[in-house]
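Colleague: Listed here are the chains, written in short residue letters.
There are 2 protein chains.
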Amino acid sequence: MPSTKTKPDRRSLILGEAARLFREKGFGGSSMRELAERVGMEAASMYNHIRSKDEILDAICFEAGEKYNRQLEEARVQFAGDYPRMMEAIIAFHVAIIFEYRDAVSVLNNDWKYLKPERLTEFKKMRKEYEKNLAGIITEGIAAGAFKEVNISVALFTLLSSLRWVELWYKPGRGVSKDSLAKDISAILMNGIKA
Amino acid sequence: MPSTKTKPDRRSLILGEAARLFREKGFGGSSMRELAERVGMEAASMYNHIRSKDEILDAICFEAGEKYNRQLEEARVQFAGDYPRMMEAIIAFHVAIIFEYRDAVSVLNNDWKYLKPERLTEFKKMRKEYEKNLAGIITEGIAAGAFKEVNISVALFTLLSSLRWVELWYKPGRGVSKDSLAKDISAILMNGIKA
Numbered sequence: 001m002p003s004t005k006t007k008p009d010r011r012s013l014i015l016g017e018a019a020r021l022f023r024e025k026g027f028g029g030s031s032m033r034e035l036a037e038r039v040g041m042e043a044a045s046m047y048n049h050i051r052s053k054d055e056i057l058d059a060i061c062f063e064a065g066e067k068y069n070r071q072l073e074e075a076r077v078q079f080a081g082d083y084p085r086m087m088e089a090i091i092a093f094h095v096a097i098i099f100e101y102r103d104a105v106s107v108l109n110n111d112w113k114y115l116k117p118e119r120l121t122e123f124k125k126m127r128k129e130y131e132k133n134l135a136g137i138i139t140e141g142i143a144a145g146a147f148k149e150v151n152i153s154v155a156l157f158t159l160l161s162s163l164r165w166v167e168l169w170y171k172p173g174r175g176v177s178k179d180s181l182a183k184d185i186s187a188i189l190m191n192g193i194k195a
Numbered sequence: 001m002p003s004t005k006t007k008p009d010r011r012s013l014i015l016g017e018a019a020r021l022f023r024e025k026g027f028g029g030s031s032m033r034e035l036a037e038r039v040g041m042e043a044a045s046m047y048n049h050i051r052s053k054d055e056i057l058d059a060i061c062f063e064a065g066e067k068y069n070r071q072l073e074e075a076r077v078q079f080a081g082d083y084p085r086m087m088e089a090i091i092a093f094h095v096a097i098i099f100e101y102r103d104a105v106s107v108l109n110n111d112w113k114y115l116k117p118e119r120l121t122e123f124k125k126m127r128k129e130y131e132k133n134l135a136g137i138i139t140e141g142i143a144a145g146a147f148k149e150v151n152i153s154v155a156l157f158t159l160l161s162s163l164r165w166v167e168l169w170y171k172p173g174r175g176v177s178k179d180s181l182a183k184d185i186s187a188i189l190m191n192g193i194k195a
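Heads up: the protein sequence lines correspond to chains A and B, in order.
Per full-length UniProt numbering, residue 1 is the first one in the first sequence, and the count goes up by one each step.
Per full-length UniProt numbering, residue 1 is the first one in the second sequence, and the count goes up by one each step.
Honestly, the hints are just simulated from the structure, not real lab data.
Keep in mind it's a predicted model, so treat the numbers as computed, not measured.
Treat the hints loosely; a few may be bogus.
Since copy identity is lost for identical chains, a pair holds within one copy or between any two.
Straight-line Cα separation of at most 30 angstroms, DSSO-like style, residue types lysine-lysine; simulated pairs [stated by the list, open to error]: (1) Lys-183 to Lys-25; (2) Lys-25 to Lys-67; (3) Lys-113 to Lys-194; (4) Lys-116 to Lys-67; (5) Lys-148 to Lys-53; (6) Lys-67 to Lys-194; (7) Lys-148 to Lys-25; (8) Lys-148 to Lys-171; (9) Lys-148 to Lys-194; (10) Lys-124 to Lys-113; (11) Lys-67 to Lys-113; (12) Lys-178 to Lys-194; (13) Lys-194 to Lys-128; (14) Lys-128 to Lys-67.
Excised from the complex, chain A in its bound form:
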């Protein structure tokens, strides 16, 4: 009988390899058989840890999404009242998550639409909530006089898309460090490119 309890490291290994496979071949183009080969397990024994491709996609999307939520909350607490530093911390963790969980972020951004209907609704809610919280920080920052009176939606989407390209552009070996990338993006968004 399959054990219901899974060693976290084995499950993490499977999810990590799955994220890489999905990023390379897309969710639709990835098979559980190939995943089992990559993790070096018999398919039957892999099913002790994870039930289906859908469950894997679900775990990757929600675990990655929760990282963003957790970090946003941490930045909010750690830099309470100091909106510029809070925003810099937010930019920095976005870049850090991409550097550290590149495959999972790619799956989150590209394959979320293949989540099962009820989980898709949940996922969209989580994403909406994230945007709402980030917009809230911008709004508070403006009210506190720390940010200019910019249009909130424009600021929100400019910020999020400026971070989004990092996932599409960043490849290990480009010789750009996480910190310098975060610093450069922060510099542009916080102070603009005009000298």
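Following the hints, complete the assembly by docking chain B onto the known chain A.
Modeller: Frame of chain A; chain B shown alone:
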């Protein structure tokens, strides 16, 4: 025999409807039969103006791409030496093209990958060239002391992605004007959000 010369307005009508159809259903999900219905022509008579779905995609992608190239060149000439105004003009025409040719821009951004191989190479070259020219303007602006010493790639991709979301987000009826959107994006990228 089909006439080889096509009235430009009829061809434009077909391309415009095709762009809308491709945006709604994707290139793969669009049929020439449905296009003919939408433009209100017999399929046979439509083929007098345009030979195939591939030719339509080709025309949409290259005509839209050339708009960007032409406008970049115009901004460069019109604001020669004044890099901040040149950059504001570039941001403004990006927004304007999206507002005026929303369907074509969506096809350009999403369906370019279905171009025929040799045209795909050509298209990528055109896009690379555009990025190179824009990067060149940033480089010159830094050298002229008009822009901060930012990392060129970071500035380039931050700029392009900040404009990219407009296509995904903008819907007629959001009550946002082209000019105010361009002004807000410019404000953030040129001067940052920090007060």
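Colleague: Measure nothing new, just compare the shortest in-copy and cross-copy C-alpha distances for Lys-183 and Lys-25 to 30 angstroms and report within, between, both or neither.
Modeller: Result: close neither inside a copy nor across copies, 32 angstroms intra and 40 angstroms inter.
Colleague: If the cutoff is 30 angstroms on CA atoms, where do Lys-148 and Lys-53 land: within, between, both or neither? Let me know, please.
Modeller: Classified as neither: same-chain Cα gap 46 angstroms, cross-chain 48 angstroms, threshold 30 angstroms.
Colleague: At 30 angstroms max between alpha carbons, let me know whether Lys-116 reaches Lys-67 within a copy, between copies, both or neither.
Modeller: For Lys-116 and Lys-67, only the intra-copy Cα distance (21 angstroms) is at most 30 angstroms; the inter-copy one is 41 angstroms.
Colleague: Using 30 angstroms as the alpha-carbon threshold, which applies to Lys-25 and Lys-67: within, between, both, or neither?
Modeller: Within one copy, since 24 angstroms is at most 30 angstroms while 34 angstroms is not.
Colleague: Using 30 angstroms as the alpha-carbon threshold, which applies to Lys-148 and Lys-25: within, between, both, or neither?
Modeller: Intra 43 angstroms, inter 40 angstroms, cutoff 30 angstroms: neither.
Colleague: Are the CA atoms of Lys-113 and Lys-194 at most 30 angstroms apart within a copy, between copies, both, or neither?
Modeller: Intra 39 angstroms, inter 35 angstroms, cutoff 30 angstroms: neither.
Colleague: Regarding Lys-67 and Lys-194, is the shortest C-alpha distance of 30 angstroms or less found within a copy, between copies, in both, or in neither?
Modeller: between (34 angstroms within a copy, 26 angstroms between copies)
Colleague: Given a CA cutoff of 30 angstroms, do Lys-128 and Lys-67 count as a within-copy pair, a between-copy pair, both, or neither?
Modeller: Only inside one copy: Lys-128 and Lys-67 sit 15 angstroms apart there, 34 angstroms across copies, limit 30 angstroms.
Colleague: I want to check one pair: Lys-148 and Lys-171. Are their C-alpha atoms no more than 30 angstroms apart within a copy, between two copies, both, or neither?
Modeller: Close across copies (26 angstroms), not inside one copy (34 angstroms); limit 30 angstroms.
Colleague: Evaluate Lys-148 and Lys-194 at a C-alpha cut-off of 30 angstroms and name the case that applies: within, between, both or neither.
Modeller: both (16 angstroms within a copy, 6 angstroms between copies)
Colleague: Please sort Lys-178 with Lys-194 into within, between, both or neither, judging by C-alpha distance up to 30 angstroms.
Modeller: both (24 angstroms within a copy, 22 angstroms between copies)
Colleague: At most 30 angstroms between alpha carbons: which applies to Lys-194 and Lys-128, within, between, both or neither?
Modeller: Between copies only: 25 angstroms across, 32 angstroms inside.
Violated hints for the displayed structure, listed by number in ascending order: 1, 3, 5, 7.
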